[in-house]
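There are 2 protein chains.
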Amino acid sequence: MSFKLTILGCSSATPTLYRHSSAQILNVNERLFLIDCGEGAQIQMRKFRIKFQRINHIFISHLHGDHYLGLIGFLFTLHLLGRTKEVHIYSNYELKEIIDLQLKISGTTLLYPLIFHPIDSTKPEVLYADDHITVSTIPLDHRIPTTGFLFIEKPKERKIKKEIIANMDIPVEEYKKIKEGADYSDKNGKLYKNAELTVEGPVPASYAYCSDTGYTESYIPLIKGVDLLYHEATFMHDKEKNAREKFHCTCIDAATIALKADAKKLMLGHYSARYDDLQPLLKEAKKVFGNTILAEEGMLYNI
Amino acid sequence: MSFKLTILGCSSATPTLYRHSSAQILNVNERLFLIDCGEGAQIQMRKFRIKFQRINHIFISHLHGDHYLGLIGFLFTLHLLGRTKEVHIYSNYELKEIIDLQLKISGTTLLYPLIFHPIDSTKPEVLYADDHITVSTIPLDHRIPTTGFLFIEKPKERKIKKEIIANMDIPVEEYKKIKEGADYSDKNGKLYKNAELTVEGPVPASYAYCSDTGYTESYIPLIKGVDLLYHEATFMHDKEKNAREKFHCTCIDAATIALKADAKKLMLGHYSARYDDLQPLLKEAKKVFGNTILAEEGMLYNI
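Heads up: the protein sequence lines correspond to chains A and B, in order.
Note that this note's numbering has the first sequence beginning at 475, numbered continuously upward.
Note that this note's numbering has the second sequence beginning at 475, numbered continuously upward.
Please note that the accuracy of each hint is not assured.
As the list makes no split between identical chains, a pair holds if one copy fits it or if it spans any two.
In silico BS3-like links for lysine-lysine, alpha-carbon gap of 30 Å or less [claimed, not checked]:
| # | residue 1 | residue 2 |
| --- | --- | --- |
| 1 | 698 | 738 |
| 2 | 715 | 761 |
| 3 | 738 | 635 |
| 4 | 570 | 720 |
| 5 | 720 | 559 |
| 6 | 720 | 525 |
| 7 | 628 | 559 |
| 8 | 713 | 559 |
| 9 | 578 | 715 |
| 10 | 715 | 739 |
| 11 | 525 | 713 |
| 12 | 521 | 713 |
| 13 | 521 | 720 |
| 14 | 597 | 578 |
| 15 | 636 | 651 |
Since the hints were derived computationally from the structure, they do not count as laboratory data.
Only chain A is shown next, with the shape it has when bound in the complex:
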């Protein structure tokens, strides 16, 4: 199954010439999930050849402009492209108020149903589940209600030990049950425990998006062992005071969270516009958590 992340933007509050505001696409088996949608995201999508019409679900972490100002333009564009299929938005409910006002004033009635799923940012909750993936919230600690998002593949079927079952003459219809964990009795009534017939399937892949937040360990249990943790690292640690005041994290904070959460990999992002060269940020985080990489625009990461 494909489980790929494309970074459309990874700047914090103000975009720079080389970095757009927060926006990402998670591709799960060619179903695209849009995570935050900063200004210019639709142009970035064109640049990185993202198929607009494959996006059905949009997750907005919070209502600071750099995380959603590209959304209304994208919704207008979908309308102008003739979309009729539903679009689902998962967000603080006030976003509906903003969008409704802008649609009303522009005299626009969207051709497609726009369905809002309000987020309660005070506690973790499952927002979405299909046959491939579950998406839940990660309550974060920012100046306004904010949640991160956790994407986890559905648990995979167990893998049948081919060498064991080769001569057992198991009816085809039993295979699915065995893969799902059932024991098996053959035509002579002999019972085989599932563990004799199968091994664990591949571990489900997982991705956690944590932006924006001040340093807190409260959400570590939610992201324990995650394959990829995208974590905001707005500042280097010499700006710790700024970070604390503004409810943001430093590179050391992000790396500490990754370490304590046993993340497989950490991707830094949401950089302050003051940093042209990001290598010092990477170096700082790696002192705490070695398996760290930098988010960069246009990057495609296989989780």
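Since the structure of chain A is provided, determine the placement of chain B on it from the hints.
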């Protein structure tokens, strides 16, 4: 006096990979006027080295997203850059409602005063005047209340005929009055009519921005003889039906307006995303009005 136009974006409703939505900067003696502010305008400003803090007055033609969705992000950025100087917005008043809602929901109190000047789009009116320039509205004919903008340099002082006054011993304090059109009596009481002493000063430069509008000749008297007419040309003329339905113009329409208004030059813009190559649009317009050019991103035009 400098009177220069920079095109930040000239796409119609949906931005393309190579064309942003409507936004322009008019530089009048290093005072910058922002005309419309489509999504991504602030990034375009960085690209074309526009000094953000020199912008004090922002004119928004109408509240379709492609003409204002970059504004709120730009206002946030000015705030984050620490601006304290007033920003004036000239627009349909409903824009204030949109901005106020977005500021409230993001928990932002701007560091600078944001002053709204509501536009009455039903009749032409003067919006702004300083010692260099006057800005007035051009009521247009679109699906929602829309105005273009006319920028006219203040009439220049008359030019003194140096060869005539060389031996007249005119006191310095009289010069300004004569340049403003006054007659002059010398110490012996001899009257010189102003026309004997001066010739007309340079003709004031003028710029008209007309986007978006269906074809109408109602505003031609307002833009008569303008030096540069930026006019929307969303479609080629084979899409005249689309243009009429959507209250837009074709290239032929724009050229016809330029011709009937005796414009010195026509700049086409607000192109539909369907056109990759703009040369056919230029060719079509030139059949009607020879002195036509294409708006292109990053273009700097001396009016």
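| query | Between copies, within a copy, both or neither: which fits residue 713 and residue 559 at Cα up to 30 Å? | reply | between (46 Å within a copy, 27 Å between copies)
| From the Cα coordinates, with 30 Å as the cut-off, is the pair residue 715 and residue 761 best called within, between, both, or neither? | Answer is within: at 20 Å inside a copy they meet the 30 Å cutoff, but 64 Å across does not.
| query | When no copy is named, should residue 636 and residue 651 be tagged within, between, both, or neither for a Cα gap of at most 30 Å? | reply | within (15 Å within a copy, 104 Å between copies)
| Copy assignment of residue 720 with residue 559, given that the CA separation must stay at most 30 Å | Classified as between: cross-chain Cα gap 23 Å, same-chain 39 Å, threshold 30 Å.
| field | Up to 30 Å CA-CA - residue 578 versus residue 597, copy category | value | This pair counts as between: shortest inter-copy Cα distance 24 Å, intra-copy 33 Å.
| 30 Å Cα threshold - placement of residue 739 relative to residue 715 | within (27 Å within a copy, 55 Å between copies)
| With identical chains treated as interchangeable, where does the CA-CA distance between residue 698 and residue 738 reach 30 Å or less: within a copy, between copies, both, or neither? | Only inside one copy: residue 698 and residue 738 sit 10 Å apart there, 68 Å across copies, limit 30 Å.
| task | Since the copies are identical, ignore which copy is meant and state whether residue 521 and residue 720 lie within 30 Å (CA to CA) inside a copy, between copies, both or neither. | result | between (32 Å within a copy, 28 Å between copies)
| Homomeric proximity label, residue 578 with residue 715: Cα distance no greater than 30 Å | Between copies only: 26 Å across, 42 Å inside.
| request: With 30 Å as the alpha-carbon cut-off, assign the pair residue 720 and residue 525 to within, between, both or neither. | output: Result: close only across copies, 27 Å inter versus 35 Å intra.
| Homomeric proximity label, residue 525 with residue 713: Cα distance no greater than 30 Å | between (39 Å within a copy, 27 Å between copies)
| query | For residue 521 vs residue 713, is the C-alpha pair at or below 30 Å within one copy, between two copies, both, or neither? | reply | between (33 Å within a copy, 28 Å between copies)
The earlier numbered hints are all upheld by this structure, with none contradicted.
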